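**Student:** Quick note on numbering: full-length UniProt numbering labels position 51 of the sequence shown as 51, and the sequence is numbered without any gaps.
Misleading hints may appear alongside valid ones.
[As the list claims (entries may be wrong)] For lysine to aspartate or glutamate, the following EDC-like pairs were computed, each having C-alpha atoms within a straight-line distance of at most 16 Å:
id, residue 1, residue 2
1, Lys36, Asp109
2, Lys39, Asp109
3, Lys5, Glu61
[Said to hold, decoys possible] What follows is a list of derived Cβ distance ranges for each label pair:
id, residue 1, residue 2, range
4, Lys71, Ala21, 16 to 26 Å
5, Leu24, Arg66, 37 to 47 Å
6, Phe12, Lys71, 13 to 23 Å
7, Ile3, Pro96, 14 to 24 Å
8, Gly31, Ile2, 51 to 61 Å
9, Ala25, Asp70, 50 to 60 Å
10, Ile108, Lys71, 12 to 22 Å
11, Lys5, Phe55, 30 to 40 Å
12, Arg66, Asn27, 29 to 39 Å
13, Gly31, Ile3, 21 to 31 Å
14, Phe12, Leu110, 26 to 36 Å
15, Val104, Gly17, 15 to 25 Å
16, Lys5, Glu32, 35 to 45 Å
17, Ala59, Phe16, 14 to 24 Å
What the hints contain is simulated information worked out from the structure, not anything from laboratory work. The structure presented is a predicted model; accordingly, all values stated were derived computationally and were not measured. Virtual Cβ for every residue (Gly too), placed ideally from N, Cα, C.
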Amino acid sequence: MIIYKGFGFLNFVIIFGSSFAFNLASNAWWGEEYWKAHKWPFAVSLFLSAVLCWFVGRAVEKRAVRTETDKLTGEEVVVSERHDSFFFLPMSWWGPILVVIGAVVLVIDLTKAPEQGERAASPVAERAESSKAGR
Numbered sequence: 001m002i003i004y005k006g007f008g009f010l011n012f013v014i015i016f017g018s019s020f021a022f023n024l025a026s027n028a029w030w031g032e033e034y035w036k037a038h039k040w041p042f043a044v045s046l047f048l049s050a051v052l053c054w055f056v057g058r059a060v061e062k063r064a065v066r067t068e069t070d071k072l073t074g075e076e077v078v079v080s081e082r083h084d085s086f087f088f089l090p091m092s093w094w095g096p097i098l099v100v101i102g103a104v105v106l107v108i109d110l111t112k113a114p115e116q117g118e119r120a121a122s123p124v125a126e127r128a129e130s131s132k133a134g135r
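Given the sequences, and given the hints that come with them, work out the whole structure.
**Tutor:** This is the structure:
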């Protein structure tokens, strides 16, 4: 179940769309099973999604703000008419959240040990493999 309010559903569309596009692109460039074997393309798609969600969220938030004058005090008050959210969080907050998730996925992928018969997935994993062999 996807919980959203207002334009919050756009975060889902952005995240799913960029992940799907990177899936198709990575499989086309490096072979059919590349997306399953390597997680860095998914991390990059999350970074792209983070940027898009941040800017789209900020744009939606700016459109919904207006200034009114309080009749009792005479002070100007900023009123936000919309509360667009995705899983109860404002749309723009998903930018930093996706950066953190993407960074975790990237670190996990770059530090994983290669499976039996598989070439190392990254220079970090290659060094780890060669240090084990040298012992």
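**Student:** Going back to the hint list, which numbers does this structure go against?
**Tutor:** Per hint list: 4, 6, 8, 10, 11, 12 and 13 violated.
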